[in-house]
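Chains as they are written, first to last, in our numbering: chain A, 225 to 1011; chain B, 2 to 162.
Keep in mind that the hints were calculated from the coordinates and are not lab data. Glycine included, every Cβ here is placed at the ideal spot set by N, Cα and C. Take the hints with a grain of salt, since some may be wrong.
Derived DEER-like restraints, expressed as beta-carbon distance ranges [to be verified]:
{"no.": "1", "chain 1": "B", "residue 1": "S15", "chain 2": "A", "residue 2": "A284", "range": "56 to 64 Å"}
{"no.": "2", "chain 1": "B", "residue 1": "D118", "chain 2": "A", "residue 2": "V920", "range": "53 to 61 Å"}
{"no.": "3", "chain 1": "B", "residue 1": "E126", "chain 2": "A", "residue 2": "V920", "range": "29 to 37 Å"}
{"no.": "4", "chain 1": "A", "residue 1": "R273", "chain 2": "B", "residue 2": "E126", "range": "49 to 57 Å"}
Pairs of lysine to any residue residues, derived as SDA-like cross-links and limited to a Cα-Cα distance of at most 25 Å, are as follows [to be verified]:
{"no.": "5", "chain 1": "A", "residue 1": "K369", "chain 2": "A", "residue 2": "E842"}
{"no.": "6", "chain 1": "A", "residue 1": "K236", "chain 2": "B", "residue 2": "A82"}
{"no.": "7", "chain 1": "A", "residue 1": "K236", "chain 2": "B", "residue 2": "A13"}
{"no.": "8", "chain 1": "A", "residue 1": "K527", "chain 2": "A", "residue 2": "A641"}
{"no.": "9", "chain 1": "A", "residue 1": "K236", "chain 2": "B", "residue 2": "D155"}
{"no.": "10", "chain 1": "A", "residue 1": "K677", "chain 2": "B", "residue 2": "T85"}
{"no.": "11", "chain 1": "A", "residue 1": "K677", "chain 2": "B", "residue 2": "Q91"}
{"no.": "12", "chain 1": "A", "residue 1": "K788", "chain 2": "A", "residue 2": "E849"}
{"no.": "13", "chain 1": "A", "residue 1": "K792", "chain 2": "A", "residue 2": "V835"}
{"no.": "14", "chain 1": "B", "residue 1": "K121", "chain 2": "B", "residue 2": "Q91"}
{"no.": "15", "chain 1": "A", "residue 1": "K236", "chain 2": "B", "residue 2": "G78"}
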Amino acid sequence: MPKDHGIGASPKRREDVRFLTGTGNYTDDINIRGQAYVHFLRSDVAHGRIKGIDSTAAAAMPGVVQIFTGADFEGVGGIPCGWQITDRFGEVMQEPAHPVLAQGKVRHVGDPIAAVVAETAEQARDAAEAIEVDLEELPAVVNMKAALVDGSTKVHDDLTSNLCFDWGFVEENKDAVEQAMQDAAHVTTLELVNQRMVANPMEPRVAVGDYNRATGDHTLYTTSQNPHVIRLLMGAFVLGIPEHKLRVVAPDVGGGFGTKIFHYAEEAFCTFAAKAVNRPVKWTSSRSEAFMSDAHGRDHVTKIELALDADNNFTAVRTDTHANMGAYLSTFAPSVPTWLHGTLMAGNYKTPLVYVNVKAVFTNTVPVDAYRGAGRPEATFQLERVIDKAALELGVDPIALRRQNFITEFPYATPVAVEYDTGDYNGTMDKLEEMADFAGFAARRAASEKNGKLRGLGVNCYIEACGIAPSNLVGQLGARAGLYESATVRVNATGGLVVMTGSHSHGQGHETAFPQVIAEMIGIDESMVEIVHGDTANTPMGMGTYGSRSIAVGGSAMVRATEKIINKAKKIAAHLMEASDSDIELKDGQFSVAGTDKSVAWGDVTLAAYVPHNYPLEDIEPGLEETAFYDPSNFTYPSGAYACEVEVDPDTGKVTIERMLAADDFGNIINPMIVSGQVHGGLGQGIGQALLEQCVYDDDGQLLSASFMDYAMPRAADLPFYEVDHSSQTPCTHNPLGVKGCGEAGAIGSPPSVVNAVVNALQSAGKDVTHIDMPLSPSRVWAAMNG
Amino acid sequence: MAQVSMTVNGAAASGEVDGRTLLASFLREQLGLTGTHVGCDTSQCGACVVHVNGAAVKSCTMLAVEADGAEVATIEGQAAADGTLNVIQQAFQDHHGLQCGFCTPGMVMSATALLKDNPKPSEAEIRDYLEGNICRCTGYHNIVKAIMAASGQDIPAIAAG
């Protein structure tokens, strides 16, 4: 019988009502009296020197308030990078300046050159067209390997080359891995591309800056996954505004998927310009602008080698990746191909030796940063593809090969510096086998073949690391931030609670799921708990939502604060019942004295806290409000086993997903309905990457896929009903809820199984195809089949 | 500037617009009906779908002046006066057919138009019909389920999870 209340129940989402009735409050819905509108003039070439900007004619256009260029931002800080990598040789990465508006050069299509503030958005756009830019076009570097050739055009003239860093991990294992490759009975090698993706949350980015000249207070409304981080980065590093004079509000946010983590120039511009023109200033991105200004994802070119002994035990993994940084370092870009990728290269397997080399490269393209999964999909894809290729080469069953090499004892310290606390990889694979009816596959293949189609089955596993932590470790790894989370729990006199959390919800359903935890802890109804988030004025310091961290880190902070509340409430209850606080028990919203029939209700205690007439004032303060900061001691490690069945039309190369199955281990689960929804969405994005999506630049750095006409977003008819399960649960051992996080799993776990399935289908027709690079478009599949 | 008048969610609405003002902009900026969203600039995403004289229309691709005299229905007019969700809205909530909510108004308006013409659509018919509505959060699974549920079909028999 499913629970109807508390942890493990699936109450309907309370946030849905406003979204279903058109009464949400997204940033573009915010209009402030007297606001002006901004339009950015963006570079239409990938690389060029700005020799002059003449905005005289534009400034005289109707409605123009003021025109800004890079010159207006001299003396203002640049957009900072939040993570510094130290390379194989002990040197810190090359870190170029990133001005708010271009200074001297433009470095990618979309780089902002000037900004027009005008009375209407149309007037701003019209005037931007009248700005004359004298631009000397320079050769562009787009291909990463070409960018590293001596004498290549440099994206940044003041850097020594286009190499941001050359990272080795674990550098001390490099020689041992080489020896293991030489000693191996078999080495499987695979070269692949993890293509550039565009996150494309459906809500484009928006920023509204507001300034109060009387008080000196700045407010920025922005489409962000982490308003406090924006406040800190923009306030401290760009504009020099102290946090107490800067409020950042991220209200309802229409999806993020990583690309709304980062601090963007447009946010700094609107905040700056609101003061300069003494009016609220609003910018709403068009979708085309989003394609050329939202940070992109992935874009790795990789060679991976897997060494096996004569008994098919994995003995070593070596991977060599070029990771595209784009033209500037986005907020967390350097961490993605390094610590979020290299540390996952052991996967679910007890491979004793791993060496990861990553060369991060500047090119004349939009900056690349975290996109759903961030480094972990790249790690999973190469590992799970090379294992399938090895199984094919060795003529062994790919599932048996995986099972043979699974880590089975926990905690497990990998050779890539992380310690998995719990997991049961055979358990999720057993569950997958139970769901997938592999025994019936032969019959399903025969049926497809009867219809002239090829059918393939692909399987893969994944491990991910969520809730990146602890702060003292990530500091050593180069993070310029702490990675804790905070929560303040305020109990009102009549017993209702308000939780102010640093986590941010932009689709994840925190407003529904977080109260379930409190309801379980106190034994009250969820309706007594309200969640407040997304406004630096109303919440304690927060690190926001990304990396599947909200329930594991933000939820844990909320638990810690609620524990403090309960401890204090027990003291009050003990006083009211003239008992010892160690004898007080809390169940179903009632405090009772153990072994007696004495009890007081939750509401009696909360009222006493605020009307302290009969109250232990000499021992405790009135009121009932507590804050906790939670800094995890380790990552969490969700894992799972996925399967995909495809049909391939041999005449056209078109791939159809017939079945997509996910057996995940997320540890304990707060709201199964929401968790399934998160997996569905991840699967949709993972299948999108596998079959459809690709951000394409031509050799001159022109962005060819800059609209939904050109960039193939998955649509309803591209996707099947999914079969998902999360009943395999090995709770996390180091956070109070035993939770692991579920937001990225689907996007991490699904691409390899799709590609494995297509390769399997082609092999079934006798085609000597061992790999096709994503996206597996009909033309690529057809070309692979027809040599 | 031109004067336009129309009926929006049953009430008279009018305003002065530029010839180039889109219906979506008129609804959002002049009438304050911000439930209709704009998610792209190429008429692909469908977040802006409203009904004009009973037909589903992408309001980012229609000029406000073209809707002069029309009956327009938006997401704000779908629930009952007392706030009770209609059958389709309720099915979206019951089946977790939305996450961030940004595409949701367009999805609901498209689903409404579909069910008007085809009261019991198959899964494939729903997926085909939603060709012009992009969702990035849900992988469409629960949206399709919600629309089937709203049409009275037996959901547990159709899709797990």
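- Message: Between the alpha carbons of K527 of chain A and A641 of chain A, is the straight-line distance 25 Å or under?
- Response: Within the cut-off at roughly 22 Å; holds.
- Query: Within a Cα-Cα threshold of 25 Å, do K677 of chain A and T85 of chain B meet the stated pairing?
  - Reply: violated, 48 Å
- Query: Taking the beta carbons of D118 of chain B and V920 of chain A, is their distance inside 53 to 61 Å?
  - Reply: violated, 37 Å
- Between S15 of chain B and A284 of chain A, is the Cβ distance one that fits in 56 to 64 Å? Between S15 of chain B and A284 of chain A, where Cβ atoms are some 34 Å apart, the hint is violated.
- Task: For the pair supplied as a hint, K677 of chain A and Q91 of chain B, confirm whether the alpha-carbon distance does not exceed 25 Å.
- Result: Since the Cα atoms of K677 of chain A and Q91 of chain B sit roughly 40 Å apart, the hinted pair is violated (cutoff 25 Å).
- Query: Would the pair K236 of chain A and D155 of chain B pass a check requiring their Cα atoms to be no farther apart than 25 Å?
  - Reply: holds, 19 Å
- Satisfaction of hint between Q91 of chain B and K121 of chain B, Cα-Cα up to 25 Å: holds, 17 Å
- Message: With the threshold set at 25 Å, check whether the alpha-carbon distance from K792 of chain A to V835 of chain A stays at or below it.
- Response: holds, 15 Å
- Message: Just to be sure I understand the hint, the distance between the Cβ atoms of E126 of chain B and V920 of chain A should be within 29 to 37 Å; is that true here?
- Response: holds, 33 Å
- Task: Mind checking the hinted window 49 to 57 Å against the Cβ distance between R273 of chain A and E126 of chain B?
- Result: Because 55 Å falls inside the window, the suggested range holds.
- Item | Hinted pair K236 of chain A and A82 of chain B, Cα distance within 25 Å | At roughly 22 Å apart (the allowed maximum being 25 Å), A82 of chain B and K236 of chain A satisfy the hint.
- Could you grab the alpha-carbon distance between K788 of chain A and E849 of chain A and see if it respects the 25 Å cut-off? holds, 9 Å
Hint check: violations occur at hints 1, 2, 5, 7, 10 and 11; the rest are consistent with the structure.
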